[in-house]
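Fit chain B with the ligands to the known structure of chain A by using the hints.
Heads up: the sequence lines are chains A and B, in that order.
Numbering of the first sequence is given in my numbering, commencing with residue 1 and proceeding in unit increments.
Numbering of the second sequence is given in my numbering, commencing with residue 269 and proceeding in unit increments.
It cannot be assumed that every hint is accurate.
Residues from chain A shown here face chain B by an in silico Cβ test under 7 Å; the list is partial [claimed, not checked]:
id: 1; residue: Ser169
id: 2; residue: Leu170
id: 3; residue: Ala173
id: 4; residue: Leu177
id: 5; residue: Tyr178
id: 6; residue: Ala179
id: 7; residue: Thr180
id: 8; residue: Thr189
id: 9; residue: Pro191
Each pair of labels, with its calculated beta carbon distance range [what the hints assert, rightly or not]:
id: 10; chain 1: B; residue 1: Ala291; chain 2: A; residue 2: Pro98; range: 10 to 20 Å
id: 11; chain 1: B; residue 1: Arg303; chain 2: A; residue 2: Pro98; range: 40 to 50 Å
id: 12; chain 1: A; residue 1: Arg168; chain 2: B; residue 2: Glu341; range: 21 to 31 Å
id: 13; chain 1: B; residue 1: Ser290; chain 2: A; residue 2: Ile118; range: 43 to 53 Å
id: 14; chain 1: A; residue 1: Thr103; chain 2: B; residue 2: Gln350; range: 33 to 43 Å
id: 15; chain 1: B; residue 1: Ala387; chain 2: A; residue 2: Asp8; range: 50 to 60 Å
Some chain B residues close to chain A (C-beta under 10 Å, calculated; not the full set) [stated by the list, open to error]:
id: 16; residue: Gly288
id: 17; residue: Arg323
id: 18; residue: Pro364
Hints were generated in silico from the structure; no laboratory data involved.
Glycine included, every Cβ here is placed at the ideal spot set by N, Cα and C.
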Amino acid sequence: MSERASFDIRRMPGFVAIALATFLVLYAPIVTLVIYSFNAGMSVALWEGFSWRWYEAAMHNQQIQDAAVRSVIVASFASVFATVLATMAALGTTRVRPFRGQTTIYALINQPLMVPEIVTGVALLIVFATVKQATGYSGLGYLILAHTAFCIPFAYLPIRARLEGLDRSLETAAADLYATPWRAFRRVTLPLMMPGIVAGAMLAFVISLDDVVITEFVKSAGQDTLPTYMLGQLRRAVTPEINAISTVLLFISVAIVSAFFVLNRKKA
Amino acid sequence: MTESEISIRVSGVTKTFGEGASAFHALSDVSVDIRKNEFFTLLGPSGCGKTTLLRLIAGFDHPTSGRIELDGEDISQLAPFQRPVNTVFQSYALFPHMTVAQNIGFGLEMLDRPKAEVAATVAQMLSLVRMEALADRRTDQISGGQQQRVALARALAPHPKVLLLDEPLSALDYKLRKDMQIELKRLQSETGITFVFVTHDQEEALTMSDRIAVMNQGTILQIGSPREIYDRPEQRFVADFIGDSNFLEAELLTGGASGRLRLGSGHEIEASVPEGMTAPRRVSVSIRPEHAALTSGAEDAALTGTLKEIVYFGTDTHYHVALGSGGSFIVRRQNSRGVTETLEPGAAVGISLGPRSVQVLRD
Ligand SMILES: Nc1ncnc2c1ncn2[C@@H]1O[C@H](COP(=O)(O)OP(=O)(O)OP(=O)(O)O)[C@@H](O)[C@H]1O
Ligand SMILES: [Mg+2]
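This is chain A alone, in the form it adopts within the complex:
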């Protein structure tokens, strides 16, 4: 009612200045990175005119192609596996009576959000080294397994949120209308939780695509993903090629995350 009674942060002194400074710090480096990906020269700091040459160079670079394909394979498998597991976990934690130890299970599912990545990385390195020794297998399986593990909470959270918002009486109504438990799940529960599942999968995909730390520890020789390849390049001479790859990665991530938000808003 009264204008002065409600707290309006926009009226606080310095609000505009702080907001602008924050956006500047957040986005100026990214904008610079994108701009220099179009630099005609060799430098990432000295502008010499517009060109697509670094995109062409990146596209024709065999190592980058391999890394990109590997990234997509790992992210695809990991996000699918993580989403399936997260869906089961979400059903298991919301579609049952409250039971003892529920909070513990909740914490265990979200463990990757809390344990420092570097710790997980080292731990996996040691375990997988032993397994590699024992089995002789050194394929992409380790990466996929590791990515699946840390992607689970990212897939789990939106699915669980969706399930909790779902009206239980719809499932009761399905049962009332002669749907067996399995058919009620297939025809009512699953379609209604689909937006959550798709959102979870997208989030998991982006998180996997982006990972450096755990990948760095788990990958075998010659198993660079795009982020670890880029990290490797940074140790040598830096050319705008890195900017070009970064820009492409950036746009893929932004596109997927935007789709995630659109999807969540439309079906909510």
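Relative to the frame of chain A, chain B with the ligands by itself:
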């Protein structure tokens, strides 16, 4: 009623939630027989166990003890999808990811009926609830009253033996509720399905039901036709919950279906007495305000007193009388045009009671 006329038989059903000290008896030893093709209403205040009883019949919950039979078969342990019973939920519970037509066809589809039959029944149901024009709408794009009709059509489509309706009209505004009440009665007589209807609206119960069960605190107090329930309430709660009532203390002189009674004023009068009640004893009686009339003289009056207040209600007038024998009494008189009010507060009045207007209560 013979065995073959009974659709649902609830016998000795108790439902307890929780255990030990926190155990709560939502239903205590409830027994009721519901006839085939009957419009049967469960009426009672909030929390008396109406929904609980419906859920037990539908199979969403199982009784703690007791049996529920459908057409003579024990169904207490069957899952909801195995019972030929459908529910219209209070919240409608329409599937938001399906169209109106898909919602209505869902039950038949789950019964694996041929596609052509499903389509034909859906079309028939759409016209029954007058929703043909909106068949392909999503259910969140139709009004509350339309959702209600879809919920009804969806539950009717598989042609269940029994239809359970949990306060299906409570969310509607007055006008729409009146229309839907008529529509429900029409649907019931057209389909020949047994309706078990839950409401806490006494007027709705009286106008729509073949029989009413009045519930309170997990028990059924009285079962009867609307007229029986209204005219011959056997317990104070029933008389009080449905309509208005005057309560008096009296002396029952002789028992039987119509016994003799001495009122506090000393006046003796005939009264209906609940079955099996013995005389003589002190009893409470209930008298409906419209079953009494004011008289100017005290000669043939059953009760006498002083007029305290006159309240005009449009259709009728309420006269509040302080009785000479103690307590107060309300007389209701239907208004008609051209009649002027001759009485004034403070006047000495007599109250005459028509034959069979006095009902003896069990408690
Ligand atoms: N799952 C449950 N656990 C514990 N108590 C319950 C449960 N379900 C119902 N009850 C209790 O049982 C009693 C009867 O509930 P019920 O839902 O049958 O009432 P109702 O007659 O339908 O009331 P209303 O008119 O408000 O819908 C209530 O006191 C309620 O709190
Ligand atoms: Mg209820």
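Here's how the hints hold up against the structure:
1. With 7 Å as the threshold, the beta carbon of A/Ser169 comes within range of chain B, its nearest partner Cβ sitting at about 4 Å, so the hint holds.
2. Interface hint at A/Leu170: satisfied, since its Cβ lies 5 Å from the closest Cβ of chain B, which is below the 7 Å cut-off.
3. Given hint, A/Ala173 at the interface with chain B, holds; its Cβ is 4 Å from that chain's nearest Cβ, closer than 7 Å.
4. Taking 7 Å as the C-beta cut-off, the interface hint given for A/Leu177 holds, the closest approach to chain B being about 4 Å.
5. At its closest, the beta carbon of A/Tyr178 sits 4 Å from a beta carbon of chain B; the interface hint therefore holds under the 7 Å criterion.
6. With a least beta-carbon distance of about 5 Å to chain B, the hint placing A/Ala179 at the interface is held under the 7 Å criterion.
7. Given hint, A/Thr180 at the interface with chain B, holds; its Cβ is 6 Å from that chain's nearest Cβ, closer than 7 Å.
8. The beta carbon of A/Thr189 is not positioned within 7 Å of any beta carbon in chain B (closest approach about 11 Å), and the interface hint is therefore violated.
9. Given hint, A/Pro191 at the interface with chain B, holds; its Cβ is 5 Å from that chain's nearest Cβ, closer than 7 Å.
10. The beta-carbon spacing between B/Ala291 and A/Pro98, approximately 18 Å, falls within the hinted interval of 10 to 20 Å.
11. The hinted window of 40 to 50 Å between B/Arg303 and A/Pro98 holds, with their beta carbons roughly 41 Å apart.
12. A C-beta distance of roughly 29 Å is found between A/Arg168 and B/Glu341, which places it inside the suggested range of 21 to 31 Å.
13. At roughly 49 Å, the beta carbons of B/Ser290 and A/Ile118 sit within the given window of 43 to 53 Å.
14. As the Cβ distance of A/Thr103 to B/Gln350 is approximately 36 Å, the hint placing it in 33 to 43 Å holds.
15. Separated by about 57 Å at the C-beta atoms, B/Ala387 and A/Asp8 satisfy the suggested range of 50 to 60 Å.
16. A least Cβ separation of about 17 Å between B/Gly288 and chain A goes past the 10 Å threshold, and the interface hint is therefore violated.
17. Here the hint on B/Arg323 is kept, as its CB sits about 9 Å from the closest CB of chain A, short of 10 Å.
18. Against a cut-off of 10 Å between C-beta atoms, the interface hint on B/Pro364 holds, since the closest Cβ of chain A lies about 7 Å away.
The structure fails to meet hints 8 and 16 from the earlier list, while all remaining hints are met.
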